[in-house]
Structures are given as C-alpha cells and as structure tokens.
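Residue numbers (UniProt numbering), protein chains in the order written: chain P, 1 to 365; chain V, 1 to 365.
In case anyone wonders, no lab produced these hints; they're calculated from the structure.
A virtual CB, placed ideally from N, CA and C, is assigned to each residue, including glycine.
Hints should not be assumed to be uniformly reliable.
Stated by the list, open to error - Derived CB-CB ranges, DEER-like:
id : chain 1 : residue 1 : chain 2 : residue 2 : range
1  : V       : Pro72     : P       : Glu191    : 41 to 51 Å
2  : V       : Pro72     : P       : Gly32     : 54 to 64 Å
3  : P       : Ser110    : V       : Ile302    : 27 to 37 Å
4  : P       : Lys167    : V       : Glu331    : 55 to 65 Å
5  : P       : Leu94     : V       : Pro170    : 25 to 35 Å
6  : V       : Asp326    : P       : Val47     : 51 to 61 Å
7  : V       : Asp51     : P       : Val165    : 51 to 61 Å
8  : P       : Asn162    : V       : Ile285    : 30 to 40 Å
9  : V       : Glu11     : P       : Ser110    : 25 to 35 Å
10 : P       : Thr37     : V       : Ile49     : 23 to 33 Å
Here are the chains, one letter per residue:
2 protein chains.
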Amino acid sequence: MAAEQTSRTIEAYPMKGGDGVHSYANNSSYQGRVNNTAKRLITEAVVEILDIENFASSNTFRIADLGCSVGPNTFFAVQNIIEAVQFKYQCQGLDSQLPEFQVLFSDHTSNDFNTLFSSLPLDRKYYAAGVPGSFYGRLFPIGSLHFVHSSYTNHWLSRVPNPVVDKSSPAWNKGRIHYTSAKDEVIKAYEAQYIEDMEYFLHARAQEVVRGGLVALIVSGRPNGIHHSQTTQNIIFDLLGSCLMDMAKRRIVSEEEVDSFNMPLYYMSPHELEAAVDRNGYFSIERMEDLPPIQEIITSTIPKSQRIASHLRATLDGLIKTHFGDAILDELFDSLSKKIEEGMPMLISGGSVNFFALLRRKAMD
Amino acid sequence: MAAEQTSRTIEAYPMKGGDGVHSYANNSSYQGRVNNTAKRLITEAVVEILDIENFASSNTFRIADLGCSVGPNTFFAVQNIIEAVQFKYQCQGLDSQLPEFQVLFSDHTSNDFNTLFSSLPLDRKYYAAGVPGSFYGRLFPIGSLHFVHSSYTNHWLSRVPNPVVDKSSPAWNKGRIHYTSAKDEVIKAYEAQYIEDMEYFLHARAQEVVRGGLVALIVSGRPNGIHHSQTTQNIIFDLLGSCLMDMAKRRIVSEEEVDSFNMPLYYMSPHELEAAVDRNGYFSIERMEDLPPIQEIITSTIPKSQRIASHLRATLDGLIKTHFGDAILDELFDSLSKKIEEGMPMLISGGSVNFFALLRRKAMD
C-alpha cells in the first residue's frame with residue numbers, strides 16, 4: 001500500500017523522457033541488445049520452469065515490467081514472454097484455456113508515461129496499464145502477478161546511503177561521487193544500502209507474485225571476486241567525478257556541491273544476489289548465469305567514447321540536473337567523453353558483467 | 001484486445017492537461033459538484049446492491065474509473081467507493097476478509113497521465129494504475145472488475161457520425177457544428193452513432209465486469225421528452241456554431257472549415273439509456289434517477305457567461321485546436337461568452353439533467 005511505500009525515503013531519477021537527441025528512448029540500444037541476449041533464457045524459463053497448470057483456473061496472465069522507462073525495449077521483452085507462454089499452452093494442448101494477458105508497465109511516478117502510452121504497439125495482444133511508483137515498495141495487489149520482468153534496474157539504489165553525505169560520519173565521501181576507489185566505510189555504506197533495498201524489493205515481490213510465479217532479473221553487475229574499483233561502470237563514474245572536481249576547481253560548480261553529490265548506484269555480484277534471495281526466503285533460484293558480452297553494432301561514425309558518454313547522459317540526466325542544474329550538462333558530458341577516450345585502456349581491462357537470474361515464488365505464505 | 005479496439009475509428013479529444021489557467025484540472029469544479037450529489041447514491045449502491053459474498057474468495061477488489069481525465073474529481077469518487085465497500089465488509093463482520101483495492105484510472109491515450117500520476121493522493125489506500133485507451137473498446141481482462149465508475153463521459157461519442165460531414169449525404173450538416181436545431185437526418189445520424197457507441201461500451205463492460213459487479217454512470221443528459229433543440233448544452237453549442245460562422249464571414253476561418261467541423265457529443269435521455277441496456281441484455285438496471293440541480297457556489301466575481309465559456313474551453317480545447325488551430329481560441333471563447341450573456345434567458349429556459357444510472361452485471365455468460 002502507499003503507506004508502506006512512503007515509510008522510507010525513496011528518490012527517483014527517471015531516464016530522460018520524450019524522444020529528443022539526449023532521450024533515453026534514443027540512447028538505450030545497448031539495453032536492447034542485453035535484453036536480446038536474455039531472450040532465449042526467458043523463453044526457456046517459461047517453457048521449462050513455469051508451471052502453467054498452477055494458473056489454469058485464472059483467466060488472466062499478468063506480467064509486470066519493473067523499471068519499464070519509455071523506450072521500445074520494454075515492449076520487445078513482454079512480447080517475448082507472452083509468445084513463450086502461448087507456445088507452452090499450445091504444446092500442452094491447453095489452447096482452449098489460453099488466458100488473456102495484462103501487462104503492467106511500472107516505473108517511478110516521474111517517468112514519462114505519456115510517451116510510453118503513445119508508443120504502445122497498436123497490434124499488441126495484451127491489455128496494457130501503467131503503474132507509477134518505486135519497486136522498493138508494494139506496487140500491485142497480493143498474489144496478482146504471474147511473471148515479473150526487470151532489466152537493468154536493480155543497480156539503482158532507493159537512495160544515496162545517508163552516511164556518505166554526513167560530514168560527521170567516517171563514511172563521508174568527500175571529493176568523490178561514488179564508492180569506486182573510496183575508503184572502506186563508504187563501500188560498506190553502499191553495500192548496506194544495497195542489502196536493505198534488495199530485501200524490500202524481494203519482500204514486495206514475494207507478496208505480489210502468485211506461488212509458482214517467476215521473477216526474471218537482468219542485472220548490470222560486477223563479476224564474482226572482482227573488487228568494486230576494478231568494475232568498468234565504477235571506473236567511468238570515477239572519471240565523471242573527476243570531471244566534476246575539475247569544474248569545481250574552475251568554480252563552475254562548488255566543491256561542496258560535489259561533496260554532497262553521490263550516485264545511488266550499486267553493482268552487485270551474482271553471489272550477492274544469491275545471498276539476498278537466501279535471506280529473503282520466499283524464492284528459489286532456478287537460473288543464475290552470466291550473459292555473453294554484447295557485440296557492439298557500429299552503425300554510426302561517432303567515436304566509442306562519445307557513445308558511452310551519450311548513453312550515460314540519457315541515464316543520468318535527471319540525477320545530475322536535480323543536483324547541479326541544467327547548465328553544466330553539455331560541458332560535463334563533453335569532458336567525460338574526452339576522459340573516457342584517454343582512459344579507454346583502463347576501461348577495457350575493467351570487469352563487468354550482465355547476468356540473468358530467474359527466481360520462482362515458493363509455495364508458502 | 002487491442003485489435004478489437006482499433007477495428008473502428010475512435011477519435012480522442014482529451015480535456016486540457018497540465019494545471020494552467022485554461023486546464024481542465026482548474027475548470028472542472030462543476031463536475032466535482034455533480035459527483036458530490038452522486039456520492040450518496042454510490043454509497044447506497046455499494047451498501048444495498050453490491051453482493052460482496054460473491055467476491056469473498058478474491059483477494060483484490062478492482063475499481064475502474066473510465067474517463068478519469070486529470071483533475072482531483074476522480075480521486076474523490078474512487079475514495080468514496082472504497083470507503084463504502086470497507087463499511088459493508090465491516091457491517092457484515094467480514095473485516096478479516098477485507099480485500100486489497102486496485103484502482104484503474106482510464107482515459108484516452110492522449111490524456112495527461114503524467115499529471116494524473118503525480119497528483120495521486122499520497123495517503124491512498126489502494127494500488128493505482130493508468131490504462132490508456134477508448135472505453136468504446138475492451139480495456140481490461142475478462143471478469144477482472146468489480147466496480148466501474150464513469151462520470152460525465154458518455155456524452156462523448158466515439159466519433160462524428162460519418163453522414164454529417166459527407167457532402168453527398170442528406171444528413172450533411174452545412175453551416176452547423178451540432179445537431180441542436182439541425183434537420184431530422186442530422187439528428188438521426190447522431191442518434192444512430194450514440195446507439196452504436198453505447199452498445200460497444202456495454203458489450204466491453206459486460207466482458208470485463210464480474211457477475212454481480214456494478215457499473216455506476218453519471219450522465220450529462222437531456223430530460224425525457226425534451227427535444228434536442230431545447231437542451232441547454234445544445235443551445236450553447238448552437239451559440240458556439242454561430243460564433244464560428246461569424247468568424248467565417250470575417251474570413252478568420254473558412255466556411256468550409258466550419259461545415260466540416262461537428263461536435264462528437266450526444267446528450268442521451270434516461271429512456272434512451274434504458275433502451276440501450278435492454279438491447280445489450282447483460283445488465284440489470286438497479287437505479288436510474290435524476291440528480292438534483294447543482295447549486296452554484298459563486299467564489300469569484302467573474303460573470304456567469306464567462307465561467308460557462310471557460311469551462312467549455314477546458315473541455316473542448318483539444319477538439320477545436322485539432323480542427324482550427326490554436327490561434328482562434330481566445331477570440332472564439334470571448335465572443336461565445338458575449339453570446340451566452342445575451343442568450344441567458346433562452347439558456348435558463350432550456351432543459352438539462354444530470355442523471356445517475358446503476359447497472360448490475362447479470363449472472364450469465
């Protein structure tokens with residue numbers, strides 16, 4: 001219920017809406033390719049793991065996409081799930097019991113739902129709904145979902161951990177914007193926030209998903225055994241932090257503004273997710289595997305460093321604007337693009353992994 | 001399914017979004033007062049007619065508000081329904097079985113859902129979702145709704161009847177924008193469109209609403225036995241038409257533009273709605289009564305004629321802009337305000353009624 005959602009402070013930094021040059025819709029082809037590599041795994045999940053006889057009495061099969069944003073990726077993902085479920089009904093000779101489908105597209109309240117709704121496929125074979133709110137709280141009625149899909153979302157924390165912006169705390173993260181190569185206290189504060197958030201996430205889903213229902217997560221994470229400072233995404237955020245510190249030296253922003261700015265992002269490892277699922281207790285882990293690295297399809301002459309910067313801009317737009325205002329965006333991402341260019345060898349040596357986790361709601365209250 | 005929705009051309013003219021001076025959110029206090037007079041009837045409907053034992057096995061009580069628009073009215077209406085249902089459970093000693101509530105706010109895809117979502121009450125005791133699409137087609141899965149509420153929406157036709165804009169038809173409505181005092185063929189074309197639309201509306205709801213579920217309609221209509229030309233709303237539209245013809249004479253718009261413009265609005269009588277429900281066959285009529293006239297609460301010094309014109313502007317903004325463009329709006333509604341001022345005695349003598357209809361889904365396939 002809403003009360004439950006608002007009992008914790010949850011911050012929302014939506015992807016950039018609309019369809020402009022810096023929009024998420026036009027800068028999310030990477031996530032699209034990640035989903036594509038996960039497509040086979042989702043199909044297998046439905047065909048091999050989903051126990052449709054459990055749901056045969058229900059007229060409606062409900063799918064939630066959490067963190068749907070506005071782009072086309074979300075439509076491809078749910079379309080794939082629906083086709084797999086239809087295939088399974090047909091294979092089991094249950095054509096006559098084929099349910100209707102309802103897809104609940106969910107994201108923060110500040111997500112651009114107007115753009116999402118106006119781009120819904122006209123030939124869709126499902127009833128569509130939008131659900132505003134944070135997935136770190138309850139979003140749906142009890143036992144109402146059969147399949148939850150969430151791609152590239154769980155690295156967003158519900159908030160910046162309190163201690164890292166508290167000057168009196170040993171975890172105060174002065175001069176940095178992330179935990180990449182920060183002191184241990186900062187890393188621990190981020191880890192603690194991740195653990196708390198993931199428990200809220202799993203607890204809410206445990207109530208919303210029917211017994212036997214599936215939760216498929218595509219996670220932007222860090223490989224098991226790799227230190228945070230060696231993670232590709234984190235290295236990029238260190239570069240972004242140093243761009244901001246450069247701007248502070250040139251008095252374009254104040255040093256205090258940089259000190260008080262931290263990114264609410266945490267890149268979990270598969271082991272960390274396993275531990276969270278075990279602690280929660282309501283789900284079994286049916287699959288957990290790394291996705292193959294994404295082969296970049298170069299369709300433009302724009303240099304790689306600039307493409308990475310553009311992609312990051314679409315993702316971080318709201319976050320940075322809220323703290324620093326609009327005016328610095330162009331310069332900030334231009335200089336980030338240059339730093340990425342220089343730091344490319346370091347980036348290439350960094351570790352990074354997208355992994356797929358399939359959870360199944362256990363048959364217990 | 002979507003296919004069903006798109007098999008007919010359905011036009012969408014959303015209320016004016018945002019929260020500006022001409023917005024619907026700031027010009028819909030009249031509808032709010034209408035809902036208020038219907039509040040008691042809705043409460044009675046739940047307490048006296050709703051058979052909650054039917055639904056006791058279901059964990060979730062689903063309410064749809066059709067034509068929710070963006071304003072606060074929709075939140076008050078669903079809050080009232082929820083309180084009445086909770087009261088009924090308590091009275092029957094079923095506290096322990098109290099369901100969770102999910103409210104599905106629905107309107108055309110072009111409705112401003114972003115504004116709607118950001119104004120959702122923070123202390124709401126229900127899960128909220130937005131559902132884009134026309135209520136003249138299916139919007140929800142089969143048997144998934146327990147209570148449908150729709151206020152001030154069913155006078156919007158799905159489209160302008162074809163014959164009235166067809167030069168070769170005897171129903172061509174030259175020099176007019178509505179059927180108010182038009183020739184019989186025009187009136188018949190509008191009636192036929194109403195009959196077709198209402199059948200689509202009831203057919204879709206018959207599939208979506210569970211057996212025993214309720215549909216509460218608050219209808220802006222015309223009293224039984226009153227001719228269309230004597231209906232207050234229609235008289236106002238005749239004035240609006242004459243404003244446009246004046247502008248055509250002054251070459252601000254072309255006469256052809258006015259000829260090809262018709263308002264997709266039809267004011268049904270209670271008898272006409274009864275006939276539609278009978279033809280459809282899936283619902284019993286549990287209540288049908290006129291709402292008391294709205295007592296105007298004068299909180300501003302703005303003359304009545306201007307208030308009527310402002311209210312109409314918020315409602316018709318999209319419709320008129322789509323056809324004539326932005327530029328004429330200020331002048332058009334200024335001159336309408338003057339014509340309303342002059343025509344006030346005629347308006348006061350006109351007939352108009354808001355009525356309440358409560359339908360109950362029969363226990364049949």
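Results for each hint:
Taking the beta carbon of each, Pro72/V and Glu191/P are about 43 Å apart, inside 41 to 51 Å as hinted. A C-beta distance of roughly 38 Å is found between Pro72/V and Gly32/P, which places it outside the suggested range of 54 to 64 Å. One distance hint, 27 to 37 Å for the beta-carbon pair Ser110/P and Ile302/V, holds here, with the actual separation near 34 Å. As the Cβ distance of Lys167/P to Glu331/V is approximately 59 Å, the hint placing it in 55 to 65 Å holds.
For the hinted restraint 25 to 35 Å between Leu94/P and Pro170/V, the CB-CB distance of approximately 54 Å leaves it violated. Between Asp326/V and Val47/P the beta carbon distance is about 53 Å. The supplied range of 51 to 61 Å therefore holds. Taking 51 to 61 Å as the suggested C-beta distance range, the pair Asp51/V and Val165/P conforms, at roughly 55 Å. At about 58 Å, the beta-carbon gap between Asn162/P and Ile285/V misses the expected band of 30 to 40 Å.
In this structure the hint that Glu11/V and Ser110/P lie 25 to 35 Å apart at CB holds, the actual value being about 30 Å. For the pair Thr37/P and Ile49/V, the supplied restraint of 23 to 33 Å is violated, since their beta-carbon distance comes to about 54 Å.
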